[in-house]
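> Note that the sequence shown covers residues 1 to 162 in the working numbering.
Everything labelled a hint here was simulated from the structure, so no lab data went into it.
Idealized CB from N, CA, C, for every residue including glycine.
It cannot be assumed that every hint is accurate.
[Claimed, not checked] Label pairs and their calculated CB-CB ranges:
id, residue 1, residue 2, range
1, A103, K128, 20 to 26 Å
2, V99, R29, 34 to 40 Å
3, C140, S27, 40 to 46 Å
4, I138, A100, 19 to 25 Å
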Amino acid sequence: MTNLFRLRYEISFLFIALMMGILAFSSARELPEPTFEPMGSAAFPSAIATVTVLLVLLKSLQLFVTPQAREEKENEKEKEKEKDSSRFTRSLVMLSLLVAFVAMTHFLNLAWWISTSLFLMAAMSFLKKPAGVTPLIIRCLVIVAFSLILDYIATQVLYLDL
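Please put together the full structure from these sequences, using the hints given.
Right, dumping it as structure tokens:
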């Protein structure tokens, strides 16, 4: 019975994603022709819509053409029962980390790169515990460097007001 609900969920999700791709593609066609740009304003939405439709087609092929073995289905049922409670808890923790990130940037007015670094450090430490002190230090340095690079690109290249 779980497989029936899962199949219906996947089919409905594929249908919605296909409709969104078709809608984005048709809306991109209605954009005006470019005057100075070689690609125009419709290039990016058309590319996203094309990728969406292609991914829907690939997923539908995987769903209907490649059958799963009975052992895999039985193993999935056992694993799903064990992981249901942990999935909810993990989702709740990640949602609270995201709320904390928004609160840090909006209410506490922390610099964007600081709040991003703190959020990424907390999320990565929650999702995968570091093996020791050295991997933790390396992870923190990479996250801070990544956040600084993103902040530089957003403020100096894209001129966003963060």
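> Checking against the hints above, which ones are violated?
Violated: none.
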